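Enquirer: Model the full structure from these sequences, guided by the hints.
Read off the chains here:
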Amino acid sequence: MMIKETLDIERIRKEFPILHQQVNGKPLVYFDNAASSQKPYQVIDALSHYYNHYNANIHRGAHHLANIATEAFENTRTKVQTFINAKHRHEIIFTGGTTDAVNLVVQTWGRKNLGAGDEILLSMMEHHSNIVPWQLIAEEKGAIIKVLPITQAGEWDTSQIDSLLSERTKLVAVNHVSNSLGTINPIKMLIDKAHAIGSKVLIDGAQAVPHMQVDVQQLDCDFYCFSAHKMYGPTGTGILYGKEDILNEMPPWRGGGEMIKTVSFSKTTYNELPYKFEAGTPNIADVIAFGAAIDFMNELGWSTLHEQEMTLLKYATEQLQQLDNITIYGTAAQKTGVISFGIKNIHPYDLGTLLDKQGVAVRTGHHCTQPLWEFYEVVGSVRASFAVYNTTAEVDQFMAALRKSIELLG
Amino acid sequence: MTIEERQREIISEFNMFTDWMEKYEYIIELGKELPLIDEMHKTDDNLIRGCQSRVWLHAELQDGKITFTADSDAIITKGLVALVIRALNNQTPHDIAEADLYFVKEIGLNEHLSPTRSNGLASMIKQMKMYAFAYANR
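Top to bottom, those sequences are chains S and V. Take the first sequence: its position 199, counted from the start at 1, is 198 in numbering that gives the first Met the number 0, and no numbers get skipped. Take the second sequence: its position 98, counted from the start at 1, is 97 in numbering that gives the first Met the number 0, and no numbers get skipped.
Read the hints as simulated data drawn from the structure, not as lab findings. Check the hints yourself; a few may be wrong.
Said to hold, decoys possible - Far from chain V, some chain S residues (derived; all Cβ distances over 10 Å):
| id | residue |
| --- | --- |
| 1 | H89 |
| 2 | Q134 |
| 3 | K140 |
| 4 | K145 |
| 5 | D214 |
| 6 | V262 |
| 7 | S263 |
| 8 | N297 |
| 9 | N324 |
| 10 | T363 |
To be verified - Dumping the calculated DSBU-like pairs for lysine-lysine here, alpha-carbon to alpha-carbon at most 30 Å:
| id | chain 1 | residue 1 | chain 2 | residue 2 |
| --- | --- | --- | --- | --- |
| 11 | S | K86 | S | K192 |
| 12 | S | K313 | S | K86 |
| 13 | S | K25 | V | K104 |
| 14 | V | K128 | V | K104 |
| 15 | S | K86 | S | K187 |
| 16 | V | K31 | V | K128 |
| 17 | S | K403 | V | K22 |
| 18 | V | K22 | S | K25 |
| 19 | S | K242 | S | K78 |
| 20 | V | K41 | V | K31 |
| 21 | S | K343 | V | K31 |
| 22 | S | K25 | S | K111 |
| 23 | V | K64 | V | K125 |
| 24 | S | K140 | S | K187 |
| 25 | S | K25 | V | K31 |
| 26 | S | K266 | S | K313 |
| 27 | S | K343 | S | K313 |
| 28 | V | K125 | V | K31 |
| 29 | S | K343 | V | K128 |
| 30 | V | K64 | V | K41 |
| 31 | S | K343 | V | K22 |
| 32 | S | K403 | V | K31 |
| 33 | S | K403 | V | K104 |
| 34 | S | K86 | S | K111 |
Unchecked claim - Calculated from the model, a selection of chain S residues having no Cβ within reach of chain V, i.e. all distances over 10 Å:
| id | residue |
| --- | --- |
| 35 | I143 |
| 36 | K169 |
| 37 | T267 |
| 38 | I327 |
| 39 | L407 |
It should be emphasised that the depicted structure is a prediction, and the values quoted were computed from it without experimental measurement. Each residue gets a CB set at the ideal place from its N, CA and C atoms; glycine is no exception.
Expert: Set out below in structure tokens:
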């Protein structure tokens with residue numbers, strides 16, 4: 000097992016130039032992958048190759064470069080379609096990321112379908128990106144936000160679901176995986192229950208897609224949102240998946256070029272899916288490089304990706320549990336490679352600062368999930384989150400740095 | 000001592016440290032040792048919210064000089080707060096408003112002042128200056 004890890008992972012690490020550096024005189028240990036993963040050469044090269052060889056605006060140009068760029072851009076759409084098993088490629092809308100995708104649904108589907116007294120069900124462990132956009136529209140329309148509580152283990156309190164869903168529930172918006180805790184939520188069950196009472200379901204998949212195979216047809220969710228930069232791809236691009244019939248009924252959001260069919264001052268008609276929701280020149284370079292990130296993940300395969308993260312999660316959890324005064328937040332049976340923890344009487348910021356001095360990058364604070372930390376009655380946590388290129392040796396360096404930090408602060 | 004002299008003193012103290020650990024041990028000590036603020040002043044009105052750590056700041060004008068007291072929920076932030084207060088305490092509003100706190104950079108702690116660190120320290124210094132401006136213009 001250890002030998003296999005060394006051979007395979009060392010080969011994978013070579014693909015990530017950023018990992019091979021010292022921070023504050025120590026080898027970098029990058030355990031902040033849930034915030035953003037690092038990028039392999041494949042992705043970085045796709046970006047520079049685009050700018051060096053075929054930068055051009057897409058879809059409209061009748062020249063050589065525009066044609067190559069358009070093809071590469073649209074190729075990513077097909078790759079994403081296959082990656083999440085969407086029925087149609089026009090169900091894949093390019094957005095600026097998960098937050099942008101949620102806001103698109105809020106401002107189009109939400110604006111059209113939500114009214115006074117309608118209910119939106121969120122969970123206690125949502126990211127602010129899947130809370131605040133709904134609060135904005137709820138306030139405007141007089142809709143009501145309901146919250147699915149969680150248990151101490153950091154799992155949904157599923158016994159509450161039936162009483163929280165009602166005939167007024169128009170939408171359920173929950174994450175697939177919690178960014179703060181790593182909990183993998185039983186979304187299929189909730190999707191089925193929501194559909195049974197006629198509600199639509201939006202899934203924030205930002206923390207799921209990098210770690211597990213997602214099949215939107217099997218899940219039967221109405222919307223699924225995620226970001227490229229958490230799955231070895233570039234920043235600034237992400238996906239809104241929506242079912243064809245729902246997307247077709249949604250009004251456009253941003254107006255501009257690309258999203259129109261014809262424009263006149265008396266009557267403008269809108270383009271078809273997916274272009275109806277892609278106003279203006281899109282993020283061409285990053286979308287193309289996103290395609291390279293999907294290639295990278297496909298080439299590695301889910302078994303490698305999953306196995307390595309689970310090895311790290313198990314090993315790091317065992318190591319952390321040996322510390323005195325530690326609380327691990329989120330002990331769900333099904334988790335991705337995320338460990339959130341706190342040490343009694345030590346502020347997460349202090350730990351994060353001293354870990355950084357020893358080359359270890361973690362996230363500290365509330366991780367944009369303040370209601371969750373209110374539930375746990377703490378200001379936040381230290382979060383270590385793993386990617387396929389991390390090693391158990393790095394966990395050892397992290398643990399040594401953590402012990403040193405606790406000693407200094409103790 | 001003037002603000003300038005106090006900054007020089009802090010810099011020479013920090014020059015004795017040979018590595019990051021000694022430096023942070025000292026900051027942590029400062030954070031632990033100083034009883035910085037009266038509980039009655041630890042109110043929401045005096046709270047400066049950083050994204051990560053919180054800082055409470057209280058100011059009082061006595062005999063033409065400002066006394067600051069402060070606290071933080073994070074010990075490193077508290078130590079840094081103690082250093083800033085040491086530099087600015089019991090000085091005139093005018094001198095505080097005009098002060099350039101170059102010592103933070105000189106002792107290699109500039110990273111803690113970056114707005115992206117969100118530890119509340121940069122906001123605290125801004126707030127101290129605002130108190131100074133307000134008192135100076137009374």
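Enquirer: Next step is simple, just say for each hint if it's right about the structure.
Expert: We went through each hint and held it up to the structure:
{"no.": "1", "hint": "H89", "result": "holds (39 Å)"}
{"no.": "2", "hint": "Q134", "result": "holds (19 Å)"}
{"no.": "3", "hint": "K140", "result": "holds (30 Å)"}
{"no.": "4", "hint": "K145", "result": "holds (28 Å)"}
{"no.": "5", "hint": "D214", "result": "holds (36 Å)"}
{"no.": "6", "hint": "V262", "result": "holds (42 Å)"}
{"no.": "7", "hint": "S263", "result": "holds (47 Å)"}
{"no.": "8", "hint": "N297", "result": "holds (35 Å)"}
{"no.": "9", "hint": "N324", "result": "holds (15 Å)"}
{"no.": "10", "hint": "T363", "result": "violated (6 Å)"}
{"no.": "11", "hint": "S:K86 with S:K192", "result": "holds (22 Å)"}
{"no.": "12", "hint": "S:K313 with S:K86", "result": "violated (36 Å)"}
{"no.": "13", "hint": "S:K25 with V:K104", "result": "holds (22 Å)"}
{"no.": "14", "hint": "V:K128 with V:K104", "result": "holds (18 Å)"}
{"no.": "15", "hint": "S:K86 with S:K187", "result": "holds (18 Å)"}
{"no.": "16", "hint": "V:K31 with V:K128", "result": "holds (25 Å)"}
{"no.": "17", "hint": "S:K403 with V:K22", "result": "holds (14 Å)"}
{"no.": "18", "hint": "V:K22 with S:K25", "result": "holds (17 Å)"}
{"no.": "19", "hint": "S:K242 with S:K78", "result": "holds (17 Å)"}
{"no.": "20", "hint": "V:K41 with V:K31", "result": "holds (17 Å)"}
{"no.": "21", "hint": "S:K343 with V:K31", "result": "holds (16 Å)"}
{"no.": "22", "hint": "S:K25 with S:K111", "result": "violated (54 Å)"}
{"no.": "23", "hint": "V:K64 with V:K125", "result": "holds (18 Å)"}
{"no.": "24", "hint": "S:K140 with S:K187", "result": "holds (29 Å)"}
{"no.": "25", "hint": "S:K25 with V:K31", "result": "holds (28 Å)"}
{"no.": "26", "hint": "S:K266 with S:K313", "result": "violated (60 Å)"}
{"no.": "27", "hint": "S:K343 with S:K313", "result": "holds (22 Å)"}
{"no.": "28", "hint": "V:K125 with V:K31", "result": "holds (24 Å)"}
{"no.": "29", "hint": "S:K343 with V:K128", "result": "violated (35 Å)"}
{"no.": "30", "hint": "V:K64 with V:K41", "result": "holds (21 Å)"}
{"no.": "31", "hint": "S:K343 with V:K22", "result": "holds (24 Å)"}
{"no.": "32", "hint": "S:K403 with V:K31", "result": "holds (18 Å)"}
{"no.": "33", "hint": "S:K403 with V:K104", "result": "holds (25 Å)"}
{"no.": "34", "hint": "S:K86 with S:K111", "result": "holds (25 Å)"}
{"no.": "35", "hint": "I143", "result": "holds (28 Å)"}
{"no.": "36", "hint": "K169", "result": "holds (33 Å)"}
{"no.": "37", "hint": "T267", "result": "holds (42 Å)"}
{"no.": "38", "hint": "I327", "result": "holds (20 Å)"}
{"no.": "39", "hint": "L407", "result": "violated (6 Å)"}
When held up to the earlier numbered hints, the structure conflicts with 10, 12, 22, 26, 29 and 39 and fits the remainder.
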